[in-house]
Amino acid sequence: MLTFSDLDIKAKVRKDLNEDVDHIAFLPFGDLKQSVRDDIAFFKKSPLVLDVPITGYIYDVKTGKIEKVDA
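Okay, so the sequence shown: first residue is 13 according to the numbering used here, each after it adds one.
It is possible that some hints are incorrect.
What the hints assert, rightly or not - Pairs of lysine-lysine residues, derived as DSBU-like cross-links and limited to a Cα-Cα distance of at most 30 Å, are as follows: (1) K56 / K77; (2) K57 / K27; (3) K45 / K74; (4) K45 / K56; (5) K77 / K45.
Said to hold, decoys possible - Just the calculated beta-carbon pair ranges, DEER-fashion: (6) L39 / E79: 30 to 38 Å; (7) I36 / T67: 16 to 24 Å; (8) F55 / N30: 20 to 28 Å; (9) S58 / K24: 32 to 40 Å; (10) S17 / K80: 24 to 32 Å; (11) L60 / L29: 17 to 25 Å; (12) F54 / S17: 17 to 25 Å.
These aren't lab readings, by the way, just hints derived from the structure by calculation.
In this text, a Cβ means the ideal position worked out from N, Cα and C, and glycines have one as well.
Put together the whole structure using the sequences plus the hints.
Below you can see the structure in the form of structure tokens.
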């Protein structure tokens with residue numbers, strides 16, 4: 013989802029599957045680390061997990077390596 017815009021994804025689904033997905037927001041992101049930081053911040057504010065340590069990681073599918081992201 014790093015290299016595609018919402019419009020790109022919708023066009024590909026329309027072309028490949030002949031389906032109308034204009035009503036779906038695919039929510040792509042451009043900065044993976046910032047996206048993980050935002051997710052960490054979101055969960056840390058949640059009253060449902062106040063006592064749970066929250067951490068974030070990025071998994072690189074090409075190398076198989078995991079990188080911890082600091083909030």
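How the hints compare with the structure:
no.: 1; hint: K56 / K77; verdict: holds, 25 Å
no.: 2; hint: K57 / K27; verdict: violated, 40 Å
no.: 3; hint: K45 / K74; verdict: holds, 17 Å
no.: 4; hint: K45 / K56; verdict: holds, 16 Å
no.: 5; hint: K77 / K45; verdict: holds, 15 Å
no.: 6; hint: L39 / E79: 30 to 38 Å; verdict: violated, 22 Å
no.: 7; hint: I36 / T67: 16 to 24 Å; verdict: violated, 30 Å
no.: 8; hint: F55 / N30: 20 to 28 Å; verdict: violated, 38 Å
no.: 9; hint: S58 / K24: 32 to 40 Å; verdict: holds, 33 Å
no.: 10; hint: S17 / K80: 24 to 32 Å; verdict: holds, 28 Å
no.: 11; hint: L60 / L29: 17 to 25 Å; verdict: violated, 36 Å
no.: 12; hint: F54 / S17: 17 to 25 Å; verdict: holds, 23 Å
The structure fails hints 2, 6, 7, 8, 11 (numbered hints given earlier, in ascending order).
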